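Asker: Now for the letters of each chain:
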Amino acid sequence: MVGGGQLLLSLLTGLADAAGLFFVASGLTVIFGVTRVVNFAHGSLTMLGAYCGWSLISRLPPTPLGFALGTLATMVLLAVIGAGLEIGLLRRVYRAPELFQLLATFGVVLMTQDIVQWLWGVEDLALRRPPWLRAFVRLGGARFPRFDLIVIALFPLVFLLLWLVFTRTRWGRLVRAATEDREMVAALGVDQRLLFTSVFALGAALAGLGGVLMLPDASANLGMDLTTVTDAFVVVVVGGLGSLPGAAAASLLIGLLQAFGIMLVPRATLALVFVVMAVVLVLRPNGLLGRPPGRGGVLGEVRALVRPAPHVLRWLGLAALILAALAPLLLGPYALAVGTEMLIAMLFAASLHFMMGPGGMVSFGHAAWFGIGAYASAFAVHLLAAPMPVGLLLAPLAAGLIAALFGAFVVRLSGVYLAMLTLAFAQITWAIAFQWVDLTGGDNGILGVWPARLVAGPRGFYWLALTLAVAGTLGLRAVLAAPFGYTLRGGRDSRVRAEAIGLPVTAIQLTAFALSAAAAGLAGGLYAYAKGSVFPTYISLGHSVDALLMVLLGGVATMSGPILGALAYTGLYDVLLSATSLWRLALGAAIIVLVLAAPEGIAGGALKLWQRRRPA
Amino acid sequence: MTAAALLTVADLASFYGRAQILHGIGFTCAAGEVVVLLGRNGAGKSTTMKSLIGLVRPAQGRVTFAGADITGAEPHRIARLGLGYVPEERRVFAGLTVAENLDIGRQAPRPGLAPWTPARLYALFPNLAAARDRAAGQMSGGEQQMLAIARTLMGNPRLVLLDEPSEGLSPLIVEQMAEAILALKAEGVGIVLAEQNLHFAERLGDRAVVIEKGAAVWAGSLAALAADDAARQRFLAVGVET
Amino acid sequence: MTRGGPEAPVLAVAGLAKAFGGVAAVAEVSFAVARGEMLALIGPNGAGKSTCFNILSGQIRPDRGAVYLNGESVTGLSSRAIWRRGVGRTFQITATFASMTVRENVQMALISHHRRVWRFLRPARHYFAAEADALLAPVGMQDQAERAAGELAYGDLKRLELAIALANAPRLLLMDEPTAGMAPAERGGLMALTRRLASERAIAVLFTEHDMDVVFGVADRILVLDRGRLIAAGSGAEIRANPEVRAVYLGSGATSGGH
Ligand SMILES: Nc1ncnc2c1ncn2[C@@H]1O[C@H](COP(=O)(O)OP(=O)(O)OP(=O)(O)O)[C@@H](O)[C@H]1O
Ligand SMILES: Nc1ncnc2c1ncn2[C@@H]1O[C@H](COP(=O)(O)OP(=O)(O)OP(=O)(O)O)[C@@H](O)[C@H]1O
Ligand SMILES: [Mg+2]
Ligand SMILES: [Mg+2]
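Protein chains in written order, with my numbering: chain F, 1 to 616; chain H, 1 to 242; chain C, 1 to 259.
Each hint should be verified, as a subset may be incorrect.
[Said to hold, decoys possible] Below, a list of computed lysine to aspartate or glutamate pairs in the EDC-like style, where the Cα atoms sit at most 20 Å apart:
1) K213(H) <-> E28(C)
2) K213(H) <-> E151(C)
3) K213(H) <-> D11(H)
4) K608(F) <-> E151(C)
5) K213(H) <-> E146(C)
6) K213(H) <-> D143(C)
7) K185(H) <-> D206(H)
8) K185(H) <-> E212(H)
9) K608(F) <-> E146(C)
10) K213(H) <-> D69(H)
The set of hints was computed from the structure by calculation and includes no laboratory data.
It should be emphasised that the depicted structure is a prediction, and the values quoted were computed from it without experimental measurement.
For reference, chain F alone in the conformation it holds in the complex (with noise of 0.2 Å):
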């Protein structure tokens, strides 16, 4: 039985829990709700403020004081590295997409993480305790940190002081107003970069402050950027985006349940967080305390005229698949599966385009549907002994069906919304394949999934892969010049509208979800085949982010987009990996180069050099 005194442990360490998830969250809220830049790079900026805490409290006197002025000093420094970001890097990018600055902070992110390796190297870095660091207090016989009470007391000060500020001051006043209409806030005589510029900061800053107060229980590590800014994702998602005391309520919420969920099921922890935000927005479209999306939606506002394909292009088109075709005559096995992992990859960010682009659903949890249907491939062979043809039909099939389950809750939503849904499920899918042993070998995988002894060799497997990859990202652009994609587009530009003549938005856009998903599962299918094995982490959050990257580097706007996208992403990674060992950070540095570049994409901007030659 749970004692009164774990109860009570258990509520303080939920507390201390929330509070450190609001600092972070209330960071990356407070900058979404003003730049609607959604920010990748809260993470590395916590992460950055924890190895900027260590070494300066390191140096201190291991004092309370000392520890105080470490914590400040450390704010004030990550508001000067915000304050950078923004103007060096952002204020370039507002007027591009909003999809664009996402994948513009996921560069810094890239970088970020080269760069504080070669500062501070590899190892964690735990921060030398002091005994009043090291206090406990005593709470009905069980022990409980002191300075976790300091942590807990700072929630409800930093909430009151940042609410006090926003609603209080003209500074506040001004950044709501910003919010809703920058412009005009410019065209009132308000200098709105400072005030994008010291949104920014603050929002470092506090990022900063969740990062130093981390350290006390934990370390400064590598891997802390991408596990806070998923949780503070999923805190802001909960919340309501933009919403100050959504994101307190939603860190509460969160805080508290992830303690008592350890004590109740410890097996459920890993999806835990995201098990709550599914059903969060499933009964809140907009999370707990946000309002619905007024003018100038969020994500997805890509809104200029397709046209089909010049007839250049598809000439090109042509002879870039002759080309492919011949490619096994040319080309060594290395070669070979190079090339068929790019092909897969074509068709994988085809389908992620598919939703995306004309559909106007950005997913952040892709690579679900890429593992289901890998996984599915993998049941076939294993538990069916079924030939390779019924592994790949099945592949599609499994995606698809359970796409068209899930997605009647998705397609309610819109905006970030939705894309946080999609990587709820995601990350649900994932834990399961993870701690499913019996059934998916956990993290060991299932191995042996070979391929028919007809196409067995690389350059049979090529053809394969070539054939149904070119056709399946044919078949997706088909229907989207079809009256199916057409109506898809219509209801992303304007629901309204596309309801008032008649058009079945819901259905249509559900359908397209499921056309993606087994699309995407496909690829995965194929992948299984190719690699022979399938793994948990074909569903973890980096491959989505994978497909995102080549979507948003090829282009969102133009079909072919996805496809250079995957070409160039694939191939620069692999030139990259071998090439270089800081390649996270030559390719954090090439996708800004390209944003600020070609905010169109690759697609984009070589349509516009195009048109640039020729008259209107």
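Given chain F's structure and the hints, the job is docking chains H and C with the ligands onto it.
Answerer: Only chains H and C with the ligands this time, still in chain F's reference frame:
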């Protein structure tokens, strides 16, 4: 007239992307004068205003305001010189209260002009006084239009760009709006007004500039335009029916 | 002066009511529109006109009351279902597909009307292109058929909306401030066109408008809404002479031509 001009626009050209919208617009506006921009839909009236306040960067031409060259300057710098802008779509801050909206527009008093305060504005627009603690997004279209004007006045502008203030408003409110604009004019504020409502324009305007396909094709007093049937017919195509 | 004979009116509304958080936007509104009739719904800003429209076209469910189309109750049906019954509408804040051309916008309405939505292979541009042009011609948008709807001038958007609304050969046309923001000359043109289509095709038209030249120029009958309630109904002359309408809405007419 040009000696006293507060705003001088010469040979202004602007683009959206690759499409050229303005092809050499030129006109002036003096303190206490109401200049009306007339023209069909898509002629470029709103684009002219956006180019003046800096939301669209002019590709060519020269804009001087209160003695300073403001061509291509940033919006907040232009606004701080005393150029006010009330956009066609109103663009009030829906989540802020009426009082907070006014506060956003606040600027330091300008020498030579009696400074606007919320109290004075509430006297000018009584509808706003009753709603000062309501979220702007909940107000009716007419009230939002009044708020948009009041918010700009809080910046104590020397000259206001009003983009179709009467659009979508009931006749009664349009009348009140006309009174308010005449009051401004009497204070010596210059006003550039884009309008489709000719009754309204004729009641307020001193001079008119007709814009057609991004170029100023006719300029003169409103009385002259009213008398010049050929010009009315040619540029505004009024008087054909009825 | 209702036209159209003794059969059921195209649209009949009885006791319609809708409140937003305690504020009655529409309260106990009843009226009917006959074939070929142009009925104007006017009233101060915030009187509840757009809310009425949104109820009629299925965007909003009423709290109380009933809506009948040709005698059949359509109360609370979705906007899709109501469109299928022959109701076209234009929006006060225009709503079109920005990533498509003007022609494609109309094609979408035709594709929906002819139930060709679930087609996956043949490119959409091959569907009903000629029919779309035939709808664009009378509203004067044919020469802009290839332009992106997202970059049209305001008045042109309004005309595109009219073409879209006509795509399902409607029996009832709902137009929310069809000429707001349009140049004076084009207002007359657009409303004359609507008038002509209404009598030629026996379409019932319900419209709102703040331009008194337009209202008194084309409406067969006028209803006045104030704070959700109907306060007057009648011909142009009757409405102009009504002191209550003058007090809450018309004013002196100095800047609106309403005198
Ligand atoms: N964001 C934009 N991108 C591309 N073209 C635009 C954009 N905004 C306006 N245009 C085009 O610029 C031209 C001028 O538009 P503008 O809004 O200045 O006209 P206007 O005279 O104010 O018309 P209205 O009386 O309808 O308000 C139009 O042809 C319009 O299609
Ligand atoms: N979704 C909503 N939520 C809350 N209140 C609303 C909503 N829609 C309309 N209202 C309110 O209902 C009332 C009627 O609004 P409606 O848009 O119908 O007015 P209207 O007569 O069309 O005015 P206008 O002539 O300015 O377009 C207004 O007070 C408005 O603020
Ligand atoms: Mg305009
Ligand atoms: Mg309305």
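Asker: Hint by hint, say whether it matches the structure.
Answerer: Outcome of the hint check:
A threshold of 20 Å between alpha carbons decides the hint, and for K213(H) with E28(C) the separation of about 47 Å lies outside it, so the pair is violated. The straight-line distance between the Cα atoms of K213(H) and E151(C) is roughly 15 Å, inside the 20 Å bound, and the hint therefore holds. Taking the CA atoms of K213(H) and D11(H), the gap is about 14 Å. The hint holds against a cut of 20 Å. Note on K608(F) and E151(C): the hinted pairing holds, with a Cα-Cα distance of about 18 Å set against a maximum of 20 Å.
For a cut-off of 20 Å, the pair hint linking K213(H) to E146(C) stands: about 19 Å separates their Cα positions. A hinted pair counts as satisfied when its Cα atoms are at most 20 Å apart, and K213(H) with D143(C) qualifies at roughly 16 Å. Of the supplied pair hints, the one linking K185(H) and D206(H) holds, its CA atoms being roughly 11 Å apart against a limit of 20 Å. Between K185(H) and E212(H), the direct Cα distance comes to roughly 27 Å. Violation of the 20 Å bound is thereby established for this hinted pair.
Our distance criterion of 20 Å between C-alpha atoms is met by K608(F) and E146(C), whose separation comes to about 19 Å. Using a Cα cut-off of 20 Å, the hinted pair K213(H) and D69(H) is violated, with the two alpha carbons roughly 26 Å apart.
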